[in-house]
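A.B. asks: Each chain is listed here by its residues.
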Amino acid sequence: MDTHILPTRLYVGIFLILLTLTAATVTASFFDLGGRLNSANVLVAMSIACGKALLVVLFFMHVRYSPRLIWVFVGAGFFWLAILIALTMSDYLSRGWLPLPTPWGT
Amino acid sequence: MAEHVAHHFEDAEQQREAATLGMWAFLITEIMFFGGLFAGYTVYRSTYFDAFAEGSRHLDLVLGTVNTAILIGSSLTMALAVQAAQRSRRGPQVVFLLLTILLGLAFLGIKAVEYGHKFEQHLVPGRFFSWPGPHASNVQLFFSFYFAMTGMHALHMIIGIGLLIWLTIQARRGRFTGSYYNPMEVSGLYWHFVDIVWIFLFPLLYLIDRHVH
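Residue numbers (numbering that gives the first Met the number 0), protein chains in the order written: chain Z, 0 to 105; chain L, 0 to 212.
Treat the hints as calculated values from the structure; they're not laboratory data.
Watch out, some of these pointers could steer you wrong.
[Stated by the list, open to error] Rough simulated footprint, nothing fancy, chain Z against chain L, three-plus residues with beta-carbon under 8 Å: (1) 53-67; (2) 190-198.
[Stated by the list, open to error] Sample of chain L residues at the chain Z side, in silico, Cβ under 7 Å: (3) V42; (4) L75; (5) A78.
Here a beta-carbon is modelled for each residue, glycine too, at the ideal position from N, C-alpha and C.
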């Protein structure tokens, strides 16, 4: 049986990168990176979180070494999550972009 | 054919792939479950940004950061437990599983201390919630999300620790070897998934607008 066994130093390396990224995201939160409603800070924090999640999925969860079908399942899961959040926010954030006609009776 | 391969599978490899795929199908439903909470959080954070930032600054950053490190550490020990099973080493399996349980309990203990502080400071949403300042009701909404999201996460951790205890007993009996370790592999997937949820919860809840004092 050809089970792919990853070396211990790879797991420890990923662990150390994850700890470094945690320190980075905490440090970054103390700087005002600008943007409306802190958007630059949010972008940095979420990019780091996505990077950490990707490392966990690829190496700790062995997806990097899994069959294509697993890739399709994992990709579909996160893609649908992106749809859920992107379409919801495209509604909420774009409200008020276009002037509404005056309500009835005013 | 090996005795651990069920009759409807061609071989152990196919059985392992089926188990992994099934676990991922379950984890996708979990992604969508937590996804609803994350989407709701995103909507209200963009609507009541100042109140969410006020509430977030009130969370204990030190405890939150320590807990993040503990949970990442528990993912490492879980991954090493699975690796020990792949290598058919019984002793390290049990040791790494026990370490994972210990780190999981440490996380829950720190979370309990944090919850205790929130109760003392009247920050639990409901009749006794009190907050000085103009955004009180919106800050209460932030704490509702805080308790709902960390509470659901903690519930998943408790279920995970239950699984780990069962795995430890099985591992001690030498049930998992390089040719059969599916329960270890799929429980590992679950544990790492719970870690990923926290990886997103931590910056969203603890790190909003920290630079304003």
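A.B. asks: The structure should be examined with respect to each hint, and the outcome stated for every one.
C.D. replies: Going down the list of hints, with the structure as the test:
1. 53-67: With 3 residues in contact (Cβ-Cβ under 8 Å with chain Z), the coverage given for the segment 53-67 of chain L holds.
2. 190-198: holds (count 5)
3. V42: With a closest approach of 5 Å, the V42(L) hint holds.
4. L75: For L75(L), the interface hint holds, since the closest Cβ of chain Z sits about 4 Å away, which is under 7 Å.
5. A78: holds, 5 Å
Checked against the numbered hints listed earlier, the structure breaks none of them; every hint is satisfied.
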